[in-house]
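A.B. asks: Below are the chains, spelled out letter by letter.
There are 4 protein chains.
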Amino acid sequence: MTKTYLTPLSVDEQRDAGLPESWPFALRNMVEFSELDALNHVNNAAYLYWYENIRVRYFQHVALTKYQPDDPRIVIRRGEVDYLREMVQNEDYIVTLRTESYRNTSFTVYSEVWSSGVLRSTFRGVIVLLHPDGSGRMPLPAEFLTRIQTVDGAVKAG
Amino acid sequence: MTKTYLTPLSVDEQRDAGLPESWPFALRNMVEFSELDALNHVNNAAYLYWYENIRVRYFQHVALTKYQPDDPRIVIRRGEVDYLREMVQNEDYIVTLRTESYRNTSFTVYSEVWSSGVLRSTFRGVIVLLHPDGSGRMPLPAEFLTRIQTVDGAVKAG
Amino acid sequence: MTKTYLTPLSVDEQRDAGLPESWPFALRNMVEFSELDALNHVNNAAYLYWYENIRVRYFQHVALTKYQPDDPRIVIRRGEVDYLREMVQNEDYIVTLRTESYRNTSFTVYSEVWSSGVLRSTFRGVIVLLHPDGSGRMPLPAEFLTRIQTVDGAVKAG
Amino acid sequence: MTKTYLTPLSVDEQRDAGLPESWPFALRNMVEFSELDALNHVNNAAYLYWYENIRVRYFQHVALTKYQPDDPRIVIRRGEVDYLREMVQNEDYIVTLRTESYRNTSFTVYSEVWSSGVLRSTFRGVIVLLHPDGSGRMPLPAEFLTRIQTVDGAVKAG
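For the record, the sequence lines run as chains A, B, C and D.
Taking the numbering used here, the leading residue of the first sequence gets 1, the next gets one more, and so forth.
Taking the numbering used here, the leading residue of the second sequence gets 1, the next gets one more, and so forth.
Taking the numbering used here, the leading residue of the third sequence gets 1, the next gets one more, and so forth.
Taking the numbering used here, the leading residue of the fourth sequence gets 1, the next gets one more, and so forth.
Think of the hints as simulated: they come from the structure by calculation, not from any bench.
Just to be clear, a hint being listed does not mean it is correct.
Said to hold, decoys possible - For each label pair, taking beta carbons as the anchor points, the in silico distance ranges come out as:
1) L119(B) with R77(A): 40 to 50 angstroms
2) H61(A) with T105(D): 36 to 46 angstroms
3) P20(C) with L84(B): 33 to 43 angstroms
4) V11(B) with N40(D): 37 to 47 angstroms
5) M138(D) with L119(A): 23 to 33 angstroms
6) S135(D) with Q149(B): 11 to 21 angstroms
As the list claims (entries may be wrong) - Covered stretches of chain D, going by a simulated chain A footprint (3 or more residues, C-beta under 8 angstroms):
7) 71-77
8) 103-114
We put the beta carbon where it would ideally sit given N, CA and C, even for glycine.
Construct all of the structure, not just a fragment, from the sequences and the given hints.
C.D. replies: Structural data, given as structure tokens:
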């Protein structure tokens, strides 16, 4: 039994779904009734959960954390979200993510939401890494650096 | 590309997923970070969204409503939820639903949540049908009655 | 500056708010936009958060827990909610709670939601106490027992 | 009975609560258990609900809408949120809002969250006004313009 919603979409699946370019990490999902608000479209805050959910899956996918006590603490410091076209009940969508830039102890992720071949929303988030005990900032691990440089195409910021 | 999360699981898929019996309506999903609470397991209220989401999909699947202005209003009057075994981050689960009994203008749905072959939670909800303008109770449509009698095995209550 | 939303309502405040009887624990709040669903009334699952929030405040108020690692784990095993009359945007309401019965390691809380002198919803929840490490059931502490017997009027269950 | 949570805080109440400057619109609230995530602090998306809730109250307070079918449609096009210091269970906070700039058919609101005299988070949101039927952009009503110019100190953008 294929569990397509559990796994990053392949390059082929992304193209078939109408994404104009392929992403290193993309997941499929569907608008649920509970995400609609009184205006009958997806609530602005609900998108933040979509963006959080793919971040958390990505952080595990790239082995940055397993959400255990000894793992780095991953903290969001800033988020910017654009709402380009509303989403309504039962719509199918793809949410994507890549790390686009990094510094010593932080990095910026960029996400998009696509549905029916139309870009609906974008998100840019600044993420800071703290030591597991929360004591202070922690340098990005070497494997994570390699991953975001080679797979995500992330560039060193300023 | 199979969109397994969009469609009711087949009898074979349900058996492969470890359900001891097959259901007329079952969907697969996965615990997301945003559903966890400070105790690090799925929050008790989050299950209510799972049960609501499958109800809403089922109501459309059996053509009781398309959530348009001319459709019947579907109102929940009572819910009973049992929490049998906690669910944690990243767990895969199946949520099921069938209508188990009915009266002239109301019916009772029953749902279960299964994960790793273990029953985690159950829900029983009493649903009332109102006319589209909310003016009063509305008899169950004939096609819905036929469906719940023949497919769901629902019995007349009282 | 009075922080009425932080403190249990007094007997006088409850009577002025239209409650037909006074409760050992009652809080005031207001429906927020984010609690409405596409049907333009408070979503059925949102009430569960109201009932959870007052439980958590009550558990701290009666010193059952401070939500620290050495405190008992408080787990909900069953919830029954009745939806009697819908709630809409901006409505002011009172949510109440008392422990109505207990056994050695569990107890039952009962809550109501009142607005404009009309009962809107009720909730009954079965709560189980576990040892701080989650290892097994824990007897109700003596002070908690005294409190629920003398203030809440809780009775020993069958 | 004072319903402080229902009404904008006065200048005196804001000063007593530790706000360094007074705001045209400020509300008090408290962190609830349901807003915490598995990291035991307020979830990043939960702030978006706080910011939405005060916006919606403000829009009604300044009579921009009563959320009736004949009212303008108010749509968020962009949000920027900064997370400066985490918030934890039971913390009391003030959320503030003013309109800081405007164009013909849109305006920008700015909000802050304060707790224990410390700035915890900020939000800037771009809001667009549409005709009640959603057909296209609608100029800001004259009374709203006067209000944001004289009370909020909003300036015409570029």
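A.B. asks: Are the hints correct? Go through all of them and say.
C.D. replies: Hints, verified against the model:
Distance hint for L119(B) and R77(A): a CB-CB separation of about 41 angstroms, consistent with the stated range 40 to 50 angstroms. Between H61(A) and T105(D) the Cβ separation comes to about 42 angstroms, which falls inside the hinted range of 36 to 46 angstroms. P20(C) and L84(B) have their C-beta atoms about 36 angstroms apart, which keeps the hinted 33 to 43 angstroms range intact. The supplied range of 37 to 47 angstroms is met by V11(B) and N40(D), whose beta-carbon atoms lie about 42 angstroms from each other.
Between M138(D) and L119(A) the CB atoms are about 25 angstroms apart, so this pair conforms to the stated range of 23 to 33 angstroms. Roughly 46 angstroms separates the CB atoms of S135(D) and Q149(B), a value that falls outside the hinted 11 to 21 angstroms. With a threshold of 8 angstroms between beta carbons, the proposed coverage of the region 71-77 of chain D by chain A holds, since 4 of its residues qualify and at least three are required. Only residues whose C-beta sits within less than 8 angstroms of a C-beta in chain A count toward coverage, and the region 103-114 of chain D has 0 of them, not enough to reach three; the restraint is violated.
Consistency with the previously given hints fails for numbers 6 and 8, ordered from lowest to highest.
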